[in-house]
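Trainee: Chains as they are written, first to last, in the numbering used here: chain A, 460 to 742; chain B, 460 to 742.
Some hints here could point you the wrong way.
Any copy, or any two copies together, can satisfy a pair, since identical chains are not distinguished.
Only pairs whose alpha carbons sit at most 25 Å apart, straight line, appear in this in silico SDA-like list of lysine to any residue [stated by the list, open to error]:
id, residue 1, residue 2
1, K613, Q718
2, K605, R624
3, K631, D508
4, K658, E710
5, K510, K635
6, K461, K714
7, K660, E704
8, K658, I625
9, K631, R481
10, K533, E723
11, K494, D478
Hints are computed from structural coordinates only; laboratory data are not their basis.
One-letter residues, chain by chain:
Protein chains: 2
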Amino acid sequence: MKNIYLIGIGLIGGSFAIDLRRKYPKAVLHGISRKDETLQKACDLNLIDQKATLDDLKNADLVVVSIPVDATVKLLPSILDKIAETTLVIDAGSTKEAICKVVENHPRRRNFLACHPIAGTENSGPTAAIPNLYVGKTNIICEVEKTTFKLQEKALEIFSELGMRIRYMDAKSHDKHIAYVSHLSHISSFMLGKTVLEKEKNERDIFDMAGSGFTSTVRLAKSSPAMWTPIFEQNKENVIETLEEYINNLEHFKKLMQQDNFSEIFSEMENANYIKQILNGIK
Amino acid sequence: MKNIYLIGIGLIGGSFAIDLRRKYPKAVLHGISRKDETLQKACDLNLIDQKATLDDLKNADLVVVSIPVDATVKLLPSILDKIAETTLVIDAGSTKEAICKVVENHPRRRNFLACHPIAGTENSGPTAAIPNLYVGKTNIICEVEKTTFKLQEKALEIFSELGMRIRYMDAKSHDKHIAYVSHLSHISSFMLGKTVLEKEKNERDIFDMAGSGFTSTVRLAKSSPAMWTPIFEQNKENVIETLEEYINNLEHFKKLMQQDNFSEIFSEMENANYIKQILNGIK
C-alpha cells in the first residue's frame, strides 16, 4: 500500500492512522477533513503526512472513512465516484443499514466494505487518537458478499495487522443488536448525567460524594453529540424499542419499591448479576 | 490501638483490615462474621489474626462495622451495649438516617461515629478486599457533634493514616444526595443489564458486539443484591424520587426521537457533556 487516505481524523481515524503508519511504514498517509483546523492538528500530531481533498482519491490504495454517520451517507457515493478500480474503501460507522443502502446500486459498490470496529473511548478529535485502539477488538463486517473478493482479502490482511477479530453480520441485524449493546448505554448514561446535573446544579460540591461507580456509569455522557445525534437518527426505530424496554424495566423496579416488595427487588438484581459471566468475555 | 474488631470482613471491612494492619502493626485484628466460612476465608487471606464474637467487644479499642445496612440497624444497639467506655465504633454504610436514628438515645451514642467512605468496587466478599482502597477517597461523617470529642480525634487520626478526605454532613442531606450520585447509578446499571440480557438471551454471541462503553455502563449490575436491597429499602423515598426524574428524562428523550427533533436531542447531549468538568474533579 502506497497511498492511504483518511477521511475524518478524529479518535477513530486518527487511531487507524497511528497503527497503519507502524504496520505500513512505506505508505504515505493523506488526511481529508471538513475543517482545516482538524487537518492542521492531525499534521502537528504527526497522524498524517499530507493534507488532501476528495479529488485526490483517484490515487488511493485504501480510503478509511471515519466521520459522523450522516456525513458518511452524504459523502460515500461521491467518494466511490472518485476512486480507482483497485481502491478499497472502508467505513467505521456505528450504523450500517443506511450506509449500505445509499451505495447499493453504485457502480463501485464492490470497492466498499462496510465495517464497524467496536472500539473507542468517550473522547473525540485528533488529540483523542491512541495507539493499539483496535488490538483484540471485534470488527463487524456487513454484506461482505457485495465486496469484490480481492478487496475482501486486502481488508482482512489490514485488520489482521491491526489485531482485530472479525465477525460477519447483515446490516439489519447489526443495527438491531447494536442498539442494545451500545446505543442504549449511551442514552442511559446521557440521561443519568442530566438527572444528576439538574438536581445538583446548585450544590456543586455534592459531587465530592460521587465515587468510581458514578464515574463509570456516567462516562459515556461525555461522548460527542455531533457523532451520536445522526446515529440515533439513523437507528431511530431500534433505539426507540430498546428505550421503551429500558423504561418499562425501570418503571417496574420503581413499582416494586413503592409496593415494598424488596424480595422481588433482590431477585431483579440477582438476575442482572448474570451479566458478570457475559462481561468476563468482553475486554 | 491494641485491639481492632472488624464486624463484616468483605470488600469494605477486609480493605480496612489490610490498611489498618500496615498502619498499626502492633494491633491485633479480630474478625466477626455471621458465617464461619467468611471468617475462615478472612483468616486464610491473612486479613484478620483471630476469629471473635460480639461478646469480646469489651476489649475493643476500635470497632469497624461493615455489613449490609439492615444488619447494621439491627446489630448496632447491641454492639454499643457491649463496648467499653473508651471504644470507638465506626460504620461504613451507604445510608445514614436509619443508622443514626436507631442509636440516637443509646447511652453509648457518643462512642459511635457515623461514616460513609465513598470507596468500593462492584465485587464483594473477603477475596474482593484490596490495599489502598481508601487513599484519596472522601469519607462522609454524619452528626459528628454527637460523638465525644476524644473519639472524633481518634477517628480523624485513623482516617488520616488511611489517606482519606473528610466531609461533614447531616444524615438527611447525605441520604438525599447519595441517592443521586450513587443509588440511582446502580439502578440504571442493573436495569440496563436486565434489558440487554432479556433481549439477547437467545443470541449469546451478540455480546461480541459489546465494547468498553457497555462494560463501563453496566459494571454496577455486578453488585451484591444482599448489600443493595436494604440500601434501597432504607433510602426508599429519595431513591423513588431520583428514579422518577430519571424515567421522565428518558421519556422526554424518547419523545424527541419520535418527533424527529434531533436538534433538541443534540442539545440534550451537549448539556449532559457538562458532566466532563465535574468528573475531572473525581478520581
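Trainee: Could you work out which of the previously given hints the structure breaks and list their numbers from low to high?
Mentor: 1, 3, 5, 6, 9
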